[in-house]
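*Asks:* This is what each chain is made of:
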Amino acid sequence: MKKRRFWLSCLTIVMLASLLSACSGGKDNGKVGSNTSAGSGNGAQEEKLDKVTFTYFNAVAGKDINTNETTIGKILEEQTGVNFKIEHLVGDENTKVGTFIASNSYPDVLVPGGSIDKLLSSGSFIPLNDLIDQYGPNIKRVYEPYYNLMKAEDGNIYFLPMSAVVGEYISAPNIEQGAFWIQRRVLKEAGYPKIKTFDDYLNLIREYVKKHPGEDLTGYIALTTQDQFFALTNPPMHLAGYPNDGGVIIDMETHEANDYADDDITKRYLQELNQLNAEGLFDKSSFVDNRDQYLAKIASGKVLGFFDYRWQVGQSMNNLREAAQQTGNDDLEYMALPIVFDENIKDQYLDPPSFVNNRGVGISVSAKDPVRIIKYFDNLLTDENQILSNWGIEGETYSVDENGRFYRTEEQINQTNAEAFRESFGFKYFEYNWPRYGNGSSLPDGNSVGAGRQPEVAQMSYSDSDKKLLEAYGIQSFSQLFAAPDVRPWYPAWSIQIEQGSPAQIFTQKKSDLQRKYFPKLVLANPAEFDKIWDEYVKEFNKLGVKDYEQLMTDEVAKKVDLVQGK
Amino acid sequence: MSVPFLIWLIIFKYLPLWGWSIAFQDYKPAKGMFDQTWAGLKHFKFLFQDEHFVRVMRNTLAMSFINLVLGFVTAITLAILLNELRKVVFKRVVQTISYLPHFISWVVASSIIATALSADGGIINDVLMWLGIIKEPILWLGEGKYFWGILGVSEVWKNVGWNTIIYLAAMTSIDPSQYEAAEIDGAGRFQRIWNITLPGIKSVVVILLIMNIGNLLETGFEPQYLLGNGMNVDYSENLDIFVLKYGIQMGNFSLSIAAGMFKTVVSFILLFTANHIAKRLGEDRLF
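Residue numbers (this note's numbering), protein chains in the order written: chain Y, 57 to 623; chain H, 3 to 289.
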């Protein structure tokens, strides 16, 4: 008995010890040697620093990788001695970030999405002001014009947004944001008509389906799953001639915010969809399908039209493009159209130049060596490294002509479009998600920083069928079909930060719950009952306290306008 | 002897109860325990006054109840059927196949279910149309009234094999001589099941029932979250999803804890009631 007790207590001790070590472990990986000499400036070139690995969390799904396993990351490691172990999101962002907060242990660098407010309010980021002053001459050069917009209420900068435009603004040749998309065969058969109104657009689809019975075509489809419900609720705003401000429309004159969820524009849009459904042209499964099913349907080429943002359906569009390249037939590809309700409305699909100040990259309080990290960030923001992360290596992934203009040969374009190459070379990890020259930036010599916005590249990347299509519409690039964006200093209103758990946030959640319930009902209802259900919805909606929310947004817009105008 | 386990129990089961105090605060994660502002019963009030709450509770209880009844009936039936099998190979095959789905995560399982129920090319609609039972495909996940049924069937598909294991184990403890004696007395197969097998596993059934009643508010979260959508939200949203939306996703941890407390207290009451009833009826019980 005595012997047994002895062994049992041994076992207990061992178990307790292993528990304790399990709890304290994990803090020291990556700290391979961080004996940097602080204060020696950004002399990554002058001194050979020990190699060090930091952790980096990106709140989107993707493949986990070490940056030095990519070509770009390797070069950056040679410059700075820093490698990042990139971890991507698995599952739900808010849950993951919640675990970080609850355990108060973070990766060194964080790139959150919508959960950034939560991290800010929990004090997860370190203030960067002093670090930038001391070690970040390039960061200062790029971001100083936007300091007003970046500072939190306490005057500190906690993260670097990725939208700081450097140099002259270059607008995008292709549609990167929202639009009504239509299959090219529909346009082709109708003789490439100029379509402007929602009615024309839907009629085009109606006629095509009528002419092609028995082909199992889907007229119109929508994406409605959990986090992507906005793809169904945003179109009324665009149809009424406003850019994507989120759940509100901001008046151009008075800057007053209006939640359009109960407005006539929403009713009109839903009524059109309801009509479409009654004719059997709307895909009823839109309301039950998950995102994979939706993407599969679009990639199948059976869907004639839909509204969505390019970055949401990019995967399917790329698949269709690859197929079109093989067959030489672009019938199943899509074209973006600036559809509005009435002839006299000016479309505003293209984003005005803007500074998105609620997304960005920050250094966490758990970071072991913020100085090395900020130096790495600073080093990224040299012209040379921006060229490296966007264009790659001269002679390999881009070429320069005798006038100093950057371009890509057809071969280089195909290579840099291939997903596998983008991963191994590192474009996929470095074009975005780091401190960078924002979209539309240009270099001092006039070249575009982003390869996609360089007119030479855009022209070159158009296939023969693209060119034919452009010619039919008398334009040089696809975005020319769209009206130029008006100046909106508050844009985008969706980036206004709403306090966690505040009445305004509860309102948006309740609104979304309500819409999730009523929009399917409204679209799928018998057209005769539409008005009745709409009235019911509006009644429910008015109970939620929309006035307070609108007031808050109006105030915040005014604040942002003042900040931008430097008041 | 038991001291290490007592320590373990206190550290891991009782000390965390201190965290319940968060339910009475406006908890902000970055601040220390003593810098928090106290909010009294604010979060409980929000929880119970929200008009969603009644619906959410109804769904939670209804889905739990369906799972409980279906789970028991199907698992016991399958266990009896398997027990009657004489061919060992066939028995093993059936058992393996029936408990394989248990190891699929709900994320994958719900994708399989959604695809099977899909209105374009889903196997359920195809079969029903082929049999002439329905004329056009039904949006199974788009009709709230079907949701509880779909969930119940899915749970059975996923867990029935797993749940039989404990009953099969209980059945092996029945003395074979009882069966022989019954056979000599002229009892048929069904009489043997009714008079020997079922009474033989009764104590296990009662204990499991008591424990599961204690878990009535834990319907699980994944299937409802993954299969739920705007059209069936009236039937699919349960307490856990409500807490996720208005608590965790909004950084309102206090509300989440308040809901957790509520669940624990209700479960506690249910467990004790069930146990008490079992005691009154003179049955085996948990404690």
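Any given hint could be a false lead.
Claimed, not checked - In silico DSS-like cross-links for lysine-lysine, where the CA-CA straight-line distance does not exceed 25 Å:
| id | chain 1 | residue 1 | chain 2 | residue 2 |
| --- | --- | --- | --- | --- |
| 1 | H | K247 | Y | K595 |
| 2 | H | K30 | Y | K573 |
| 3 | Y | K340 | Y | K588 |
| 4 | Y | K323 | Y | K615 |
| 5 | H | K30 | Y | K207 |
| 6 | H | K137 | Y | K577 |
| 7 | H | K137 | Y | K358 |
| 8 | Y | K484 | Y | K130 |
| 9 | Y | K266 | Y | K152 |
| 10 | Y | K266 | H | K137 |
| 11 | Y | K577 | H | K47 |
| 12 | H | K265 | Y | K603 |
| 13 | Y | K566 | H | K247 |
| 14 | H | K247 | Y | K599 |
| 15 | Y | K340 | H | K47 |
| 16 | H | K147 | Y | K588 |
| 17 | Y | K615 | Y | K196 |
| 18 | H | K44 | Y | K566 |
| 19 | H | K47 | Y | K599 |
| 20 | H | K30 | Y | K152 |
| 21 | Y | K266 | Y | K244 |
| 22 | Y | K130 | Y | K119 |
| 23 | H | K265 | Y | K152 |
| 24 | Y | K152 | H | K147 |
| 25 | Y | K573 | H | K15 |
| 26 | Y | K603 | H | K147 |
| 27 | Y | K566 | H | K30 |
| 28 | Y | K566 | H | K89 |
| 29 | H | K30 | Y | K340 |
| 30 | Y | K207 | H | K93 |
| 31 | Y | K402 | Y | K424 |
| 32 | H | K44 | Y | K424 |
| 33 | Y | K566 | H | K137 |
| 34 | Y | K484 | Y | K152 |
| 35 | Y | K566 | H | K147 |
| 36 | Y | K577 | H | K30 |
| 37 | Y | K599 | H | K44 |
| 38 | H | K33 | Y | K152 |
| 39 | H | K44 | Y | K603 |
Read the hints as simulated data drawn from the structure, not as lab findings.
*Asks:* Now tell me if each hint is right for this structure.
*Replies:* Hints, one by one, checked against the model:
Restraint check: the Cα-Cα separation between K247 (chain H) and K595 (chain Y) comes to about 23 Å, which is no more than 25 Å; the hinted pair holds. A C-alpha spacing of about 32 Å is found between K30 (chain H) and K573 (chain Y), which places the hinted pair above 25 Å, so the restraint is violated. Of the pairs offered as hints, the one joining K340 (chain Y) and K588 (chain Y) holds, with about 21 Å between alpha carbons and a cut-off of 25 Å not exceeded. For the given pair, K323 (chain Y) sits about 31 Å from K615 (chain Y) by alpha-carbon distance, which is inconsistent with the 25 Å threshold.
With a C-alpha separation of about 21 Å, the suggested pairing of K30 (chain H) with K207 (chain Y) holds against the 25 Å cut-off. Of the supplied pair hints, the one linking K137 (chain H) and K577 (chain Y) holds, its CA atoms being roughly 22 Å apart against a limit of 25 Å. Straight-line distance between C-alpha atoms of K137 (chain H) and K358 (chain Y) comes to about 23 Å, which keeps the hinted pair within the 25 Å bound. The hinted pair formed by K484 (chain Y) and K130 (chain Y) meets the criterion: a straight-line CA distance of about 14 Å does not exceed 25 Å.
The hinted pair formed by K266 (chain Y) and K152 (chain Y) fails the criterion: a straight-line CA distance of about 48 Å is larger than 25 Å. Distance check on the hinted pair: K266 (chain Y) and K137 (chain H) sit about 23 Å apart at the alpha-carbon level, within 25 Å; holds. Distance check on the hinted pair: K577 (chain Y) and K47 (chain H) sit about 31 Å apart at the alpha-carbon level, beyond 25 Å; violated. With a CA separation close to 35 Å, the supplied pair K265 (chain H) and K603 (chain Y) exceeds the 25 Å bound.
For a cut-off of 25 Å, the pair hint linking K566 (chain Y) to K247 (chain H) stands: about 10 Å separates their Cα positions. A hinted pair counts as satisfied when its Cα atoms are at most 25 Å apart, and K247 (chain H) with K599 (chain Y) qualifies at roughly 19 Å. A hinted pair counts as satisfied when its Cα atoms are at most 25 Å apart, and K340 (chain Y) with K47 (chain H) does not qualify at roughly 39 Å. For a cut-off of 25 Å, the pair hint linking K147 (chain H) to K588 (chain Y) stands: about 22 Å separates their Cα positions.
Between K615 (chain Y) and K196 (chain Y) the alpha-carbon distance is near 24 Å, which keeps this suggested pair within the 25 Å criterion. For the proposed pair K44 (chain H) and K566 (chain Y), the alpha carbon gap of about 19 Å is at most 25 Å, so the pair holds. Distance restraint check for K47 (chain H) and K599 (chain Y): the Cα-Cα separation of roughly 19 Å lies within the 25 Å cut-off, and the hinted pair is therefore satisfied. Taking the CA atoms of K30 (chain H) and K152 (chain Y), the gap is about 17 Å. The hint holds against a cut of 25 Å.
With a C-alpha separation of about 16 Å, the suggested pairing of K266 (chain Y) with K244 (chain Y) holds against the 25 Å cut-off. With a C-alpha separation of about 17 Å, the suggested pair K130 (chain Y) and K119 (chain Y) falls inside the 25 Å cut-off, and the hint holds. In summary, the hint linking K265 (chain H) to K152 (chain Y) is supported, as the alpha carbons are separated by about 24 Å, within the 25 Å threshold. A C-alpha spacing of about 33 Å is found between K152 (chain Y) and K147 (chain H), which places the hinted pair above 25 Å, so the restraint is violated.
With a CA separation close to 40 Å, the supplied pair K573 (chain Y) and K15 (chain H) exceeds the 25 Å bound. A hinted pair counts as satisfied when its Cα atoms are at most 25 Å apart, and K603 (chain Y) with K147 (chain H) does not qualify at roughly 35 Å. Distance hint between K566 (chain Y) and K30 (chain H) is fulfilled; the C-alpha atoms sit about 23 Å from each other, no more than 25 Å. Of the supplied pair hints, the one linking K566 (chain Y) and K89 (chain H) is violated, its CA atoms being roughly 58 Å apart against a limit of 25 Å.
A distance of roughly 43 Å separates the Cα atoms of K30 (chain H) and K340 (chain Y); the hinted pair therefore is violated under the 25 Å criterion. Straight-line distance between C-alpha atoms of K207 (chain Y) and K93 (chain H) comes to about 68 Å, which puts the hinted pair past the 25 Å bound. For the suggested pair K402 (chain Y) and K424 (chain Y), the alpha carbons sit about 52 Å apart, so the restraint of at most 25 Å is broken. The suggested pairing of K44 (chain H) with K424 (chain Y) is violated, with an alpha-carbon distance near 39 Å, which exceeds 25 Å.
This hinted pair does not check out: K566 (chain Y) and K137 (chain H) have alpha carbons roughly 37 Å apart, beyond 25 Å. A threshold of 25 Å between alpha carbons decides the hint, and for K484 (chain Y) with K152 (chain Y) the separation of about 23 Å falls inside it, so the pair holds. Restraint check for K566 (chain Y) and K147 (chain H): the C-alpha separation of about 23 Å stays at or below 25 Å, so the hint holds. At most 25 Å may separate the alpha-carbon atoms for a hinted pair to count; K577 (chain Y) and K30 (chain H) exceed this at roughly 39 Å.
Taking the CA atoms of K599 (chain Y) and K44 (chain H), the gap is near 21 Å; set against the 25 Å cutoff, the hint holds. The hinted pair formed by K33 (chain H) and K152 (chain Y) meets the criterion: a straight-line CA distance of about 20 Å does not exceed 25 Å. Between K44 (chain H) and K603 (chain Y), the direct Cα distance comes to roughly 24 Å. Compliance with the 25 Å bound is thereby established for this hinted pair.
Checked against the numbered hints above, the structure violates hints 2, 4, 9, 11, 12, 15, 24, 25, 26, 28, 29, 30, 31, 32, 33, 36; every other hint is satisfied.
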